[in-house]
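Trainee: Just so you know, the protein sequences line up as chains A, B, C and D, in that order.
For the first sequence, counting from 1, position 235 maps to 235 in UniProt numbering; every step adds exactly one.
For the second sequence, counting from 1, position 172 maps to 172 in UniProt numbering; every step adds exactly one.
For the third sequence, counting from 1, position 285 maps to 285 in UniProt numbering; every step adds exactly one.
For the fourth sequence, counting from 1, position 43 maps to 43 in UniProt numbering; every step adds exactly one.
A pair counts as met if it fits within one copy or between any two copies, since identical chains are not told apart.
DSSO-like, lysine-lysine: derived pairs with alpha carbons at most 27 Å apart: (1) K347 to K211; (2) K5 to K22; (3) K141 to K22; (4) K6 to K401; (5) K401 to K141; (6) K58 to K22; (7) K5 to K401; (8) K401 to K359; (9) K58 to K165; (10) K6 to K163; (11) K5 to K165; (12) K359 to K347; (13) K6 to K165; (14) K156 to K6; (15) K22 to K6.
Simulated from the structure, these hints should not be mistaken for lab results.
4 protein chains.
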Amino acid sequence: MADVKKVVLAYSGGLDTSVILKWLQDTYNCEVVTFTADLGQGEEVEPARAKAQAMGVKEIYIDDLREEFVRDFVFPMFRANTIYEGEYLLGTSIARPLIAKRLIEIANETGADAISHGATGKGNDQVRFELGAYALKPGVKVIAPWREWDLLSREKLMDYAAKHKIPVDFAKAGKKSPYSMDANLLHISYEGGVLEDTWTEHEEDMWRWTKSPEAAPNTPTYIELTYRNGDIVAIDGQAMTPAQVLTELNRIGGENGIGRLDIVENRYVGMKSRGCYETPGGTIMLRAHRAIESITLDREVAHLKDELMPKYASLIYNGYWWSPERLMLQQMIDASQANVNGVVRLKLYKGNVIVTGRKSDDSLFDANIATFEEDGGAYNQADAAGFIKLNALRMRIAAGKGRSPLN
Amino acid sequence: MADVKKVVLAYSGGLDTSVILKWLQDTYNCEVVTFTADLGQGEEVEPARAKAQAMGVKEIYIDDLREEFVRDFVFPMFRANTIYEGEYLLGTSIARPLIAKRLIEIANETGADAISHGATGKGNDQVRFELGAYALKPGVKVIAPWREWDLLSREKLMDYAAKHKIPVDFAKAGKKSPYSMDANLLHISYEGGVLEDTWTEHEEDMWRWTKSPEAAPNTPTYIELTYRNGDIVAIDGQAMTPAQVLTELNRIGGENGIGRLDIVENRYVGMKSRGCYETPGGTIMLRAHRAIESITLDREVAHLKDELMPKYASLIYNGYWWSPERLMLQQMIDASQANVNGVVRLKLYKGNVIVTGRKSDDSLFDANIATFEEDGGAYNQADAAGFIKLNALRMRIAAGKGRSPLN
Amino acid sequence: MADVKKVVLAYSGGLDTSVILKWLQDTYNCEVVTFTADLGQGEEVEPARAKAQAMGVKEIYIDDLREEFVRDFVFPMFRANTIYEGEYLLGTSIARPLIAKRLIEIANETGADAISHGATGKGNDQVRFELGAYALKPGVKVIAPWREWDLLSREKLMDYAAKHKIPVDFAKAGKKSPYSMDANLLHISYEGGVLEDTWTEHEEDMWRWTKSPEAAPNTPTYIELTYRNGDIVAIDGQAMTPAQVLTELNRIGGENGIGRLDIVENRYVGMKSRGCYETPGGTIMLRAHRAIESITLDREVAHLKDELMPKYASLIYNGYWWSPERLMLQQMIDASQANVNGVVRLKLYKGNVIVTGRKSDDSLFDANIATFEEDGGAYNQADAAGFIKLNALRMRIAAGKGRSPLN
Amino acid sequence: MADVKKVVLAYSGGLDTSVILKWLQDTYNCEVVTFTADLGQGEEVEPARAKAQAMGVKEIYIDDLREEFVRDFVFPMFRANTIYEGEYLLGTSIARPLIAKRLIEIANETGADAISHGATGKGNDQVRFELGAYALKPGVKVIAPWREWDLLSREKLMDYAAKHKIPVDFAKAGKKSPYSMDANLLHISYEGGVLEDTWTEHEEDMWRWTKSPEAAPNTPTYIELTYRNGDIVAIDGQAMTPAQVLTELNRIGGENGIGRLDIVENRYVGMKSRGCYETPGGTIMLRAHRAIESITLDREVAHLKDELMPKYASLIYNGYWWSPERLMLQQMIDASQANVNGVVRLKLYKGNVIVTGRKSDDSLFDANIATFEEDGGAYNQADAAGFIKLNALRMRIAAGKGRSPLN
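Here chain A stands alone, though its shape is the one from the complex (with noise of 0.2 Å):
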């Protein structure tokens, strides 16, 4: 066991952070800090402070972080399209390098020698937590205590809450989700209970952000997205940061039935799992993302970004966001996205997120050459005989050497 002066815990202030707070105390004999962010989850973060003070806690962190999880961690993802398997819009996953990179420096501020969190040993949250740590502060110390104690079920750990004087919200304890959840201002995510077979449908009343597409008006929605360098800016012509653009396209996009999603994922610690996710404004930012950019990017830079994606998504859902490899990617995404600006139209209906218009002083649809129209000499159609021929050459030579694809 590591010999520890001072740890700063990732703090929820529900039961398990608290039964770690707790046995963090007693087994490292050591002083606790504690970190609650909001990040948009959608619960209040204030109530922990008094929970921390309770257990005599000295240094208590409680930062409003959406703005910058929004700027500095979903937009720069969604400037890739970045999905991780053809379906996962990483809601979890973004958010933790944000909760590492607070963690090393509130341990920088205090003189803590170590990291915490309640993050189990079979997920990949722990290694986005950790190799965040690591590459930012290489000699720190990391806890898991979920990988290190025995208090392996939830009665374990309501006995030990019991036998510390721990404080149970029984009530909220007593009507526990069956799931295993985790929210942000991304999304909103639900493991375990019956997920864990595979052709067992999900149930209906899981789903807490979203109407379903049943339940949603039976009138679409509009909605115009504006955009400056890849990054939505307003909505309906409306200025807005960050933080208030997905909040806003959360609203609208829960409201008619967008976003939900059950998909079996593969870990990065090896296994496959089972996950259902919420994300009604990532889903639609990925759509109207790609919009701006089919009318601002040139065909070569997008073929180059969708071919280096899977290996981006991979990076982020893996935990590698403080790497140098992620970083090196990001700047040729970033640096890609200097034309894309412009408006997107969208229609929303019961799930439906459909485009019905995109926008640019930027545009490079030139609707002079595009047109089925006589076009004036704009294009050559002779030029093209020339084009298939050259790139037919290395066939035809192959072919003329006896080698038929049909064979």
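With chain A's structure known, arrange chains B, C and D on it following the hints.
Mentor: The following block gives chains B, C and D in isolation, referenced to the frame of chain A:
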């Protein structure tokens, strides 16, 4: 102008290719063989016979290629979860290599030295037809009338038809769609007309195959798709041929408002162009295929497929189906599907394709390892510490030497 | 500590693995099966039998794996022109999966429930052995003494040997190389000692297999290599088995001062490490294989192979030979070699491998098209204008809208 | 034929471009501006002035572009360890975009509406010149005489010269090399002649820049190269400009028999072609750059660079230097070089470039961790067990479900 003895024409029976037929006879003073294919476009192909006969064609080919189309082209493509530029399911692109192949087969059978088609000099289809033809018969001559003649407006075309007594279905010509369209069993596409302004919303009455989400039924439809080696072999337990599968999925999907798309895409010949597509069955298949792969495919195999997919999609879009590099990629893709067997359950509702379950005898999902409950030792959480430590090592060394990801 | 009944040990007969043998017997109180392989390392393997018998081993496997090694591991790898980090020919990496496979085969034959090896906890070899073993026998137990015991210095090891009466070849032990070495038919490697300072030049007397370029003959040696499906099947017209080919190329290459390498590489476990390698035959094979591919392989197939090669090399380096993604890539690579037939002529001189000719019945080199002389119409230079114009179109449109690559 | 007022001609002063000059004046009846560049080809550029004047040219540009060439083109390319098709160092390719840029700059300065060059219709250079020109000035007209005129043999060219009194250096013309050659500070190339048979050995007296390995000194030369941000800034401690560096490395390399290459490559226009190249300085730079990166670059950054390199090399080879995708890749490449500082020591001997040492204040090589000796706890060998276990997990699960890599 090339010296041509006999040319095989891809002949639809419509006005454009009828004019081409006549123009070839007059301009090249050569014999014309017509080839008309049923690819599931939803129009009768037999009427083309009488029209061709009326213009003196002696060798007339009319083929039902629907099964071959889905079995050898559509299904192999879907094994790769293929999407061009994040959105387009390649409905037009994937039909062209089959037509090219048949043109060359017929040329070989009839002793023709040339082929001809009705694609314009601005589009991708000319490239797809001709690259395929050259790869299969390197010495073939290609006549692309739209790149050669001066009948570049509809009026000139009508005049030519009238002057040469080409039978025009004036009723049909009169109510001609304002869109340039293409259809086969995978999709129907629309280009031109009001779509040439990227900001103008597409018109509701443009769509021909699908109900709108608004008009779709208010109650969802559930279906179960059975996969063998990555291909659908049964719907709701009933065995079907490839073309039957796609026909039925088009029916169910269209009924439920699924598969509409409005995008701006990058053509191989260099310009951006707007297209609207209805791909009801394909939209269902993409989602379902990812779902069955999610439980049966190894993580790294899935990721490698995802990284190569954009390249594979571009090859198909650009007309390189018969190239050696597409064939090489296909071998890898097909090899990956050996264990992609099982059943996917979907809920279809007003444009939404919602995965609600997936099961397989070849599933790699291990509930015992993935569970949030105690797993009886199936997974040793302590392993994660070493896993993270070594993955972090290079970043820790770098940070220890003063490199910070925050600079 | 795992409960082990019988363990198969990769046993060289040297001091280290002899100590391991004894330590396994004592520590795990289990039966030990020894496995000693001739992979072309140039040392007798039979002496291992008597040593094992002296320590009471009843089941002793001594295998000549040279042909299998080259045929099923080295040759398939060279089909991809595989190089790790631009320099390293993977001589150690490629032998490990074969050893892992034999360990598991022997475990299955002898009813052993564990395997053991002498690789340290800092290197790549432990990963390669164990990933292979787990992929082939998922429930196998692995004992890696260097990660478990406390005999971490040479003195402690010698003490242990003395105390347990393990026969040590003191003559040999006394003049022990200052380097950590590994050899097989593909290469011999050196690590440690003075090489741990990256600025210190390697010592001339370290090298064991090759003459120095200075000491190599003053007249060049010419050889002709015959390829079939990407593999060498004859040298100077004389048919040879795979192991014969590599043995002979090692001889010729070594004689001519070919194949020395001094690099700093990145280990999978996270640190940089310096290695020196002698790979005379492999260095020749890499150059020659590229030469035969240069006239027989399609351009895009060659480029796709080049783009995937670094990934493939990392898979082998990191120990993923038996992974599904390596197997999938291999199918593509092997498929690409169908026409890689012909002859390459090389000039070998004082460290240089110079290609002086290549010919093939499957050559795609068309002198008639490539010629600088008049080609009689084989290639129409006017086609190039259209080819360039359409390839430039997207950039012209962008420039026309004011985007400049000079900004 | 285009209507041209004034054309800028890339003019070498030799026979071919002198004929082109005259032919442009006569055929297009337009004013010609000549542009002659010193790119380090080793021939006087000033004589071009008198020749151009003699043919009535009023605007004559003669530029020494050597520093710009190495600083802005060669060095950036070497930051990526760029090689085309595993062998070619892109000596010709990398000079073309600079010439294209100057042609357009001069066109803008002189009010010319066209450019012209002496590249043939079969090669890559026409593509490189013209893609560059179009990207920089989209409306420019391009005249490529070799694609237009009928002077396709040397005899016709000589006749034309005689008839139009174009001064021919008959002494030089008489002893004309049998090869088509191109030279600049990075390399000299040879094509055509006996090289058109891929089996014929290149002739020793073809080579112009380098000694043969046989003729090179019998004692090695040691040099030390100092890097800053991935570029060489000093040789043996003496600061030099980019062009000085390359000039000096060419001298030393050529003296030591370094940098000859004989390959068959795939041209962008579709055929295979044999080329011989001398790149003495570049061959040294490639090796040395990898060596300095080996101690200063993060592993994953290095691997990502390696994976993207073939794409980047093709972009340069194919003429896309001024494309947005090359520029985007360059930003990533340049960003990766921030810490590529230090010194590499090389031993040059009869064609061999041998790395004997590398050191850097930014080295990530940590002898304390890499050592085979006891490391005092810098690295915990036990971590490796968990690392391997989790990396093996997916394969163990698959094997447990009956999937075997041996089937």
